[in-house]
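Trainee: Quick mapping for you: the protein sequence lines, in order, are chains A and B. Under the numbering used here, the first residue of the first sequence is numbered 1, with each subsequent residue one higher. Under the numbering used here, the first residue of the second sequence is numbered 1, with each subsequent residue one higher.
Derived from the structure by calculation, the hints contain no laboratory data. Keep in mind that a hint or two might mislead.
Simulated coverage check for chain B against chain A, where a stretch passes if three residues somewhere in it have a Cβ under 8 angstroms from a Cβ of chain A [unchecked claim]:
| no. | region |
| --- | --- |
| 1 | 87-97 |
| 2 | 116-127 |
No farther apart than 20 angstroms at their CA atoms in a straight line, the calculated lysine to aspartate or glutamate pairs in the DMTMM-like style are these [stated by the list, open to error]:
| no. | chain 1 | residue 1 | chain 2 | residue 2 |
| --- | --- | --- | --- | --- |
| 3 | A | K232 | A | D138 |
| 4 | B | K48 | A | D189 |
| 5 | A | K97 | B | E304 |
| 6 | B | K160 | B | D184 |
| 7 | A | K201 | A | E160 |
| 8 | B | K318 | B | E226 |
Note that CB positions come from ideal geometry on N, CA and C, so glycine has one too.
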Amino acid sequence: MQKAEKMQALREFAAEIRVETLKTIGSLGFGHVGGSMSIVEAMAVLYGDVMKVDPKNPRWEDRDWCVLSKGHAGPCAYATLALKGFYPLEETRTLNKPSTNFPSHTDRTKTPGVDLTTGSLGQGMSTATGAALGNKIDGRDNHVYVFVGDGECDEGQVWEAAQFAAHYKLDNLTCFVDNNKNQLDGAVDSVMSHGKGIGAKFDAFGWNVIDVADGNDVEQIYDAVHEALTVKGVPTCIVLNTIKGKGATFAEPSAAHSSQPSPEQWEEAIAAAEAELAAVKAAK
Amino acid sequence: MSFTLIGKHEKDKRSCRDGYVQAMLELMEADKSVVHVDCDLMGCINTKKLLAAYPDRTINAGIAEANAMGVAAGLTATGKKVWMHSFGCFSSRRAFDQAFMSAAYAKLGVKILGSDPGVCAAYNGGTHMPFEDCALYLSVPDAIVIDPVDYAQVYALTKKLTAVDGRISYMRMIRKGFTTIYADGSDFEIGKGVTLKESADDQATVIASGIMVDEALKAYEALEAEGIQIRVIDMFTWKPIDEELIVKAAKETGAIVTAENHNCTCGLGSAVARVLAEQCPAPVEMVGVHDQFGQVGAQNFLQEAYKLTAEEIIANVKKVIARK
Ligand SMILES: Cc1ncc(C[n+]2csc(CCOP(=O)(O)OP(=O)(O)O)c2C)c(N)n1
Numbered sequence: 001m002q003k004a005e006k007m008q009a010l011r012e013f014a015a016e017i018r019v020e021t022l023k024t025i026g027s028l029g030f031g032h033v034g035g036s037m038s039i040v041e042a043m044a045v046l047y048g049d050v051m052k053v054d055p056k057n058p059r060w061e062d063r064d065w066c067v068l069s070k071g072h073a074g075p076c077a078y079a080t081l082a083l084k085g086f087y088p089l090e091e092t093r094t095l096n097k098p099s100t101n102f103p104s105h106t107d108r109t110k111t112p113g114v115d116l117t118t119g120s121l122g123q124g125m126s127t128a129t130g131a132a133l134g135n136k137i138d139g140r141d142n143h144v145y146v147f148v149g150d151g152e153c154d155e156g157q158v159w160e161a162a163q164f165a166a167h168y169k170l171d172n173l174t175c176f177v178d179n180n181k182n183q184l185d186g187a188v189d190s191v192m193s194h195g196k197g198i199g200a201k202f203d204a205f206g207w208n209v210i211d212v213a214d215g216n217d218v219e220q221i222y223d224a225v226h227e228a229l230t231v232k233g234v235p236t237c238i239v240l241n242t243i244k245g246k247g248a249t250f251a252e253p254s255a256a257h258s259s260q261p262s263p264e265q266w267e268e269a270i271a272a273a274e275a276e277l278a279a280v281k282a283a284k
Numbered sequence: 001m002s003f004t005l006i007g008k009h010e011k012d013k014r015s016c017r018d019g020y021v022q023a024m025l026e027l028m029e030a031d032k033s034v035v036h037v038d039c040d041l042m043g044c045i046n047t048k049k050l051l052a053a054y055p056d057r058t059i060n061a062g063i064a065e066a067n068a069m070g071v072a073a074g075l076t077a078t079g080k081k082v083w084m085h086s087f088g089c090f091s092s093r094r095a096f097d098q099a100f101m102s103a104a105y106a107k108l109g110v111k112i113l114g115s116d117p118g119v120c121a122a123y124n125g126g127t128h129m130p131f132e133d134c135a136l137y138l139s140v141p142d143a144i145v146i147d148p149v150d151y152a153q154v155y156a157l158t159k160k161l162t163a164v165d166g167r168i169s170y171m172r173m174i175r176k177g178f179t180t181i182y183a184d185g186s187d188f189e190i191g192k193g194v195t196l197k198e199s200a201d202d203q204a205t206v207i208a209s210g211i212m213v214d215e216a217l218k219a220y221e222a223l224e225a226e227g228i229q230i231r232v233i234d235m236f237t238w239k240p241i242d243e244e245l246i247v248k249a250a251k252e253t254g255a256i257v258t259a260e261n262h263n264c265t266c267g268l269g270s271a272v273a274r275v276l277a278e279q280c281p282a283p284v285e286m287v288g289v290h291d292q293f294g295q296v297g298a299q300n301f302l303q304e305a306y307k308l309t310a311e312e313i314i315a316n317v318k319k320v321i322a323r324k
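Pulled out of the complex, with its shape left as it was, chain A reads as follows:
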């Protein structure tokens, strides 16, 4: 496939994930929309092109791993994995309902395709690091991707894991920082600022750092991921400069962390995302 064609397919996949993530959260009426929307394009690139996974065998030993350390973005993973064929889309509509396999935060014991359990911020960064080490010890040719939030980077544990991953030269680990500039109580810069920047911190910890100017652009993400795969001897951090709530009409303007919009606002948001999907397809 030509690159242009591939990018077109990834843009379509991203637009589909956005629609289905909104419908998944919308089936309950409220939830963590902001942080689910900002990583849509990165998830599209990973599951649409980069990662080796087998929907029929989610625990395939040679698979690539994906860990949402910012576990509250679960709905985006649920939509992505459904579109990838891990389970029927309808199942995601049980989100947070009694006895569901799709809880707010990603859970490896419940959802096929979810590699590690997260929810307490910071912990997925360590468990992903452990998985990368384990795969390395076993000599596997696979890769572990982990997403952390920019707010999540407040946690000391993120940096303990960063120090560990660099020390053990885990070049099979790539960390995406969802740099959407907002956490729960507001702007990251006002709640807890990151000195010279999160990328500079990873750099100081001995990581290879790639800054993606538009973290909601599939081509820029694609290029960064492929560049990361060529770097040996150190883990790579990809800082995605994203927009919190991207594409959700009720959440993007305020960068809301969690949202409970009216039924009309849900309809409007889903319609807008569907129109965007149609426009992307028409651009072919």
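For this one, chain A is given, so just place chain B with the ligand on it according to the hints.
Mentor: Only chain B with the ligand this time, still in chain A's reference frame:
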């Protein structure tokens, strides 16, 4: 202690967090040494009101609970009276070593607030649903552990705990809706249970706290209609627990049922059972979470799923009476 029982099973328009914030606004105004430390969860308990009124003494530590606990201990060492807040799961598990050593062991009396206790974590699910937060703090020597129920109780106890020096305290706090048990202005004493229902004919005693107090009152009414009188105690202080009141209830009613929104193998049930085993053996039944993890769902679904209901209390009262 002077309280007025309302207990009509009605939801309050306010939330418990309003009780905390109101008490803190008054405390911070009156006393320049009172400080609130939060962990990127101000939006969840409305402490942005404290930030607006007292910006230099309302500190957002970001999503870094262990550090926040240490900072709270350090602030306390400079003579401040410090509250540290996160969700119950994180203000216990995530910051426990710091709470234990930097605060408790060092005799720096940090006041710890854990919101969304047990099933109140509802839609945040099992990762956020602490049935063990109190267990951790019960294990700390000399700590105070509180599971309050409503606005009036949270308001009163926020003030009482702020005045305690040299020992740590952990208070849970229902964040959103709650059922009113007490009238505003009710006063409570740390370490003293509240007897809400009592008669000479009591056949058993229900010892409850937090969201289970309302369930216990519902059970009382249903049992009374069947001709069974029970005593109901709100044991909001789990530590130091009111041993005298427990022993008195055991002597006078001969049987005990405990009810808690927590793992009863290491919570209120086990604390009550210890007192009884040592001082006045009596049959005990425990309503609570029996060594299970949390899960996601609406609070009423979860209360059914874990049997944190009046029906379960009623069944256990009958069971315990039969064991007398
Ligand atoms: C240890 C821990 N503390 C607090 C929380 C509550 N919490 C959930 S999401 C969130 C804000 C996260 O901000 P960020 O990492 O920037 O995520 P994003 O903006 O990408 O959604 C907070 C405080 C948590 N889940 N875990």
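Trainee: Now tell me, hint by hint, if it's right for this structure.
Mentor: Consistency of the hints with the structure:
With 4 residues having a beta carbon nearer than 8 angstroms to a beta carbon of chain A, the region 87-97 of chain B meets the requirement of three or more and the stated coverage holds. Remark: the region 116-127 of chain B is confirmed as covered by chain A, as 5 of its residues place a Cβ nearer than 8 angstroms to a Cβ of that chain, reaching the required three. Taken as a hint, the A/K232 and A/D138 pair is honoured in the structure, with Cα atoms around 17 angstroms apart against an allowance of 20 angstroms. Between B/K48 and A/D189 the CA atoms are separated by roughly 16 angstroms; this keeps the pair inside 20 angstroms, and the hint holds.
This hinted pair checks out: A/K97 and B/E304 have alpha carbons roughly 14 angstroms apart, not beyond 20 angstroms. Restraint check for B/K160 and B/D184: satisfied, since their Cα atoms lie roughly 15 angstroms apart, inside the 20 angstroms limit. The hinted pair formed by A/K201 and A/E160 meets the criterion: a straight-line CA distance of about 12 angstroms does not exceed 20 angstroms. Restraint check for B/K318 and B/E226: the C-alpha separation of about 11 angstroms stays at or below 20 angstroms, so the hint holds.
Hint check: no violations occur; every hint is consistent with the structure.
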